[in-house]
Amino acid sequence: MTVQLFLFEKLIEVLPKIKMVTFNCFGPSPKLSNITNKTVNELLKLPHFSKIEKFVLLSIPEQFDIKTFFNFLKKNKIPKSELFFHPSISEAHNILLETIVDEIIENENHDYQVPFIHFYGSILEKRGKLYTLCF
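For the sequence shown, the tail end lands on 643 under the working numbering, and the numbers increase by one without skipping.
I should point out that these hints are in silico values taken from the structure, not numbers from a laboratory.
All values reported here derive from a predicted model rather than from experimental measurement.
Quick reminder that beta carbons are idealized off the backbone N, C-alpha and C, glycines included.
Nothing false has been slipped in among the hints.
Pairs of lysine-lysine, DSS-like flavour, derived with a Cα cap of 25 Å:
id : residue 1 : residue 2
1  : K637      : K582
2  : K559      : K575
3  : K553      : K575
4  : K525      : K546
5  : K585      : K562
6  : K585      : K527
7  : K634      : K588
8  : K527      : K575
9  : K588      : K637
10 : K525      : K588
11 : K546      : K575
Distance windows between CB atoms, simulated:
id : residue 1 : residue 2 : range
12 : V522      : K634      : 34 to 40 Å
13 : K637      : N584      : 19 to 25 Å
14 : K546      : E606      : 20 to 26 Å
15 : L552      : G629      : 23 to 29 Å
16 : T640      : T607      : 16 to 22 Å
Taking the hints into account, I'd like the entire structure generated from these sequences.
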């Protein structure tokens with residue numbers, strides 16, 4: 509049996525009035541995801557994406573372009589985001605996420621909605637500081 513997954517960005521595309529998103533990125537198997545390396549760029553092309561007020565992704569795979577998404581958040585001040593990465597992401601990706609969390613914590617001026625970023629291996633103290641900044 510072949511499992512066909514829809515792309516996450518296609519779902520958001522057909523919901524132009526959506527205000528809140530909570531989505532689990534993995535399909536029926538941990539090896540199947542609705543997220544590709546093009547997902548973030550495709551989302552950013554959607555005119556209504558920046559109008560989403562709350563954006564929560566669960567079990568995010570490594571293919572999600574966190575650098576581009578974080579740059580979008582810093583420039584657009586929205587949406588309020590909670591990002592929970594899948595435990596299977598690589599050590600290199602964990603380091604990238606840690607670098608982004610460090611940038612958020614070290615920056616005293618946040619003229620954007622601070623995203624809550626959770627990943628396996630994140631340092632509890634930093635997670636607490638990030639949580640405080642987000643909520």
